[in-house]
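Colleague: One letter stands for each residue in the lines below.
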Amino acid sequence: MSNAAPLRRNLVTPLTVVLAALTLIAFYFVALRFIYGLGAVTNLNQGYPWGIWVVIDIFIGTALGCGGFAMAILVYVFNGTVYHPLMRPALLGGVFGYTLGGLALIVDLGRYWQVYNFLLPWHWQPNSIMFEVGLCMLAYTAVVWIEFAPAILERLGWIRLKRLIERWMFVFIALGILLPLMHQSSFGTVLLAMSTKLSPLWLTVWLPLLFVVSAILMGYSVVMLEAAVVTQSFDLPSEHQLLSRLSRVVGWLTVAWLVVRWADLIGRGAADLAFAGDLKATMFWIENVLFAGGALVFLTPSGRASRRASFLAAAALLAAGALYRIDAFLVGVTPVGNWGYFPSVAEIMVTVGIISFEILLYLVVIKTFPVLESASRSGTAHA
Amino acid sequence: MSEVDRRDFLTGAALAGATAVAPSEASAIARPPRERLPQAVGMLYDSALCIGCKACVSACKAANDMPPEVPANLTGWNENTWDTAEDLSGRTLNVIKVYRNGAAQQKDHEIDGFAFVKRHCLHCVDPSCVSVCPVAAMRKDPVTGVVSYDPDACIGCRYCVYACPFGVPQYDFNNPFGKIAKCQFCNHLQKQGKIPACCDVCPTGASLFGKVADLSQEIERRLTAAPGSAYAFPRGRLGDDRPPNQATVPTYVKAVYGEHEVGGTQVRYLAGIPFAKLGLPTLPSQSPASLSEGVQHAVYQWLIAPLVAFAGLVWLVHRRTARNHHDDAPNTERGRP
Amino acid sequence: MDAIRTPDIDFDTCLGPNPDAPAYGKLSRRDLLKFCAGIAATMGLSSAAGVRMAEAAVSPVRPPVIWLHGQECTGCTESLLRSYHPTVEALLLDVLSLDYHDTLCVGAGKQALDYKHAMMEKHKGKYVLVTEGGTPTKDGGIYCKVGGKTQAELVREAAEGAAAVIAIGSCASWGGIQSADPNPTGAVGTHEVIPGKLVINVPGCPPSPYNFISTVLYLLTFNRPPVLDELGRPKFAYGRLIHENCERRPHFDAGRFALEFGDEGHRQGFCLYKIGCKGPETYANCPAIGFGDVGFGSWPVGTGHPCFGCTEKATGFRKPLHALATVKTLTPPTAYPEVGAAEGRGVSTGAAVTVGVVGGLVVGGGAMLLKQMNDKGDAADAPDKGA
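Protein chains in written order, with this note's numbering: chain A, 1 to 383; chain B, 1 to 337; chain C, 1 to 387.
One chain only, chain A, in its complex shape:
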């Protein structure tokens, strides 16, 4: 079923060396965290108990891993089989987004050695959004590995197992659409417990919808960006034609997102906060401008046709979704007491390191396993 092949390029390049170095720096700080505690390494405090490790590594990281989920909706729900070549790279992004998101979670948890309590029925607290999020993410990580498994099994030559999995793949695809819908929307519901601590610019009962749709948008953006970067860097046949069709969908979805957000904001009477002139208002506008800018490019034919504009627009949407999460969890929050937060150097290096690790592993895998279809089209794959 797949026309993909490993990308025949060197594993060790200047880029991968830099990425490996950044990863090692991150591991050093993670080791410090486990020896001395979170306070020694991060700037987390009682007013901001969640910092960039939770918001970027987990929330944004998994949203970046929503490529597989977003593509699955398009391919299997809306029958867009033309986009099928983008599935495996998207799933690979999902594999690393969620696995490393899980790793970041263990690093961030204060009492990580008891994390198995999540699975013990007598500790289940089903009223907690975090409970559903945790189990869902765990399940989806397994599902996305299974969805990606055929690429690995192809490479290993374990065809019988591959066939078995492919026979039941429809169940896993269904799960792979359902589970992210559940937990990515629940990331938004998590914020509802904040009530008065969260600025009305972000606090709304529509948070679950806004979160899941922006996760889908980020998933598409990541797929588009990844395709553009990889084909460009490795001089492969461009997938731009395919991507430009996708970008129209993305454009309209972004417009829908903005409409829901603004209608709700105005309906709640909170729109005047956007003009308060403070940090929250400024970040709010930057979000909206990024979303709108990306949508604008994708809705115009010339924008879709231009590779540069499309690249920028995808980057803008990715940044918009990421900023939306950072704002909703950090900037928009006014804690009890006079607290401030900005990540420490160690915190930043761990986040940078985890993202570098993701990119590094991604590069290693696309060079080792049959993931990219453009790799086979370029004629550099084996026959």
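Be aware that one or more of the hints could be misleading.
Below, a sample of chain A positions facing chain B; criterion: calculated Cβ distance under 7 Å [stated by the list, open to error]:
no.: 1; residue: Tyr76
no.: 2; residue: Arg111
no.: 3; residue: Gln125
no.: 4; residue: Asn127
no.: 5; residue: Ala193
For lysine-lysine, the following DSS-like pairs were computed, each having C-alpha atoms within a straight-line distance of at most 27 Å [as the list claims (entries may be wrong)]:
no.: 6; chain 1: C; residue 1: Lys235; chain 2: C; residue 2: Lys197
no.: 7; chain 1: C; residue 1: Lys235; chain 2: C; residue 2: Lys126
no.: 8; chain 1: B; residue 1: Lys191; chain 2: B; residue 2: Lys211
no.: 9; chain 1: C; residue 1: Lys149; chain 2: C; residue 2: Lys124
no.: 10; chain 1: A; residue 1: Lys367; chain 2: C; residue 2: Lys371
no.: 11; chain 1: B; residue 1: Lys254; chain 2: C; residue 2: Lys328
no.: 12; chain 1: B; residue 1: Lys277; chain 2: C; residue 2: Lys328
no.: 13; chain 1: C; residue 1: Lys197; chain 2: C; residue 2: Lys313
no.: 14; chain 1: C; residue 1: Lys126; chain 2: C; residue 2: Lys149
no.: 15; chain 1: C; residue 1: Lys145; chain 2: C; residue 2: Lys313
no.: 16; chain 1: A; residue 1: Lys280; chain 2: B; residue 2: Lys277
no.: 17; chain 1: C; residue 1: Lys145; chain 2: C; residue 2: Lys126
Hints listed in this document are in silico derivations from the structure and should not be mistaken for laboratory results.
Glycine residues also receive a C-beta, built at the ideal position from the N, C-alpha and C atoms.
Put chains B and C on the given structure of chain A with help from the hints.
Modeller: Chains B and C only, in chain A's frame:
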């Protein structure tokens, strides 16, 4: 290969709609708030009676085996024996703070005055921390309503720190095996029939323990008494026969904090200056837990919606992949390169 | 304290020849100077002021002291007699001219009273009147009479020719124990009997002898009273709450209280606030100087009994012994954490730089990629018309 056609779009959109959240108003979707338990125990903290002696801070440390806390600017002074907690933390479950204004010479005056406030867990009637904890490490006692913490269940996710409207639970960031710290109403002492250490030691009766129903009546009495008139302020536990503090009724702000805030709390405050000045957050009467649980339950109640969606997705995806299997040529075996 | 600024004098040059020989009764010159230097220190004055006090004390021009007793227990005189550095009876009898003292004078009866009148006449306008004890005012003041005259008459009579009036003890300052409810004799302090005159009140039950001696010596040396508060009490002794000077204050601040006499806390010397110490609302210097010259802690709280506020009219003999004091707190100490104090760390330069570098790299890499992109598109980009 086929394009996305209209039929497929509509099928997909219907499914998307089934799993989307579509409420109209926050109050409509919130689940009903929890009611105060009939035997709930609580505390009345009267800021106008408090003299800022910090006996309660000291007693709390002793009763809960907490080490002293030295602020950064006093580290090393007097060999770190001076406990001056500046705020709740991993080792301070109860703290006295002071409000100062101008010359700060008159007690319980808003201008050019000062006043004391006691901060610790308010043991909410509908606690956010209990609602958000994924592993039930925060539990509300079904009889006394005391919110307690189980460090053996806790995974340290700090959602409770994030969610508490009062900023009470404190994660001990400086300990690689840190726990959440918060007042547990001296549960271990209550089980022996004693009362929380802070109420036990308070010299003026500013911290008073008792059943919330009884304390509400005491609050009424104090608010309706004429300022300056003689009053016997009970000490320790309301209803005990300890000698009261014979003093005069202060001039209160005619309100009680904790009656309606986020659904009500079991620890209530009286004060001589506005509560907001004392750092007590101004909060709506809807508990955050009722809203977030309401939204969650709207979709996930009994997992009906997810299961239906799952069934629908399985059917749809199976149809697609079966159709596409039909269209494709049979797979060619790929051997190892 | 006081605006007097006298130049510092070398102590030894003031000693003079034979400083250790008895010069004033049993007092040697050295003893006198040491004593007065100590008094000056109590008042916060320099040693030079002490020398001036010594000279005033033994100057032949020194004024006499007339000492009257009203409703009292003579405790204040007893307190005075218990200062042993030096023996004060030597000071008052041989140094200051205590011409008349109801208790200490050897004579009695009409002879003694006649002598008193003679002294008052001889030194009219120059003597210091000291009153000890309250003055009854009910029923014409008949509840205290000496020599057929009521105390009120005696006080007025003596005050007429007095250069200064000092009321020693709580009874003379505001009525004392006999003025406790229901005050059947209408006992009042001296200043209420002679409203026009300045009366220096030295309250206490009894007051420390040094509070009184310092005031007298100050008066004699500088010809005016020391700085007084609004109740006529010298501020050097009554300007601060006991609570502010108490050696057990750290226990109060740390919340360590004795709950019963003899309990663990009491034995550890914890704060006595909860068993009724009135230190927080009583102005006096007892914790600073103690009583009886026997060293540190020789005052009620130091021995383990709560202060009962003997200097204060509203507290002493009025508030129940074990009732909680009203804490007359002034502005709380700066070590108290404030509501709304800023917490948490802001942006460190390292973090800002790191973010800048990372952001720059990402943007730079993106820009590079963009540049390489062929915007016109290539053949593969041509829109697919078919499948």
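Colleague: Let me make sure I understand: some of the numbered hints might not hold for this structure. Which ones are they, in numerical order?
Modeller: none
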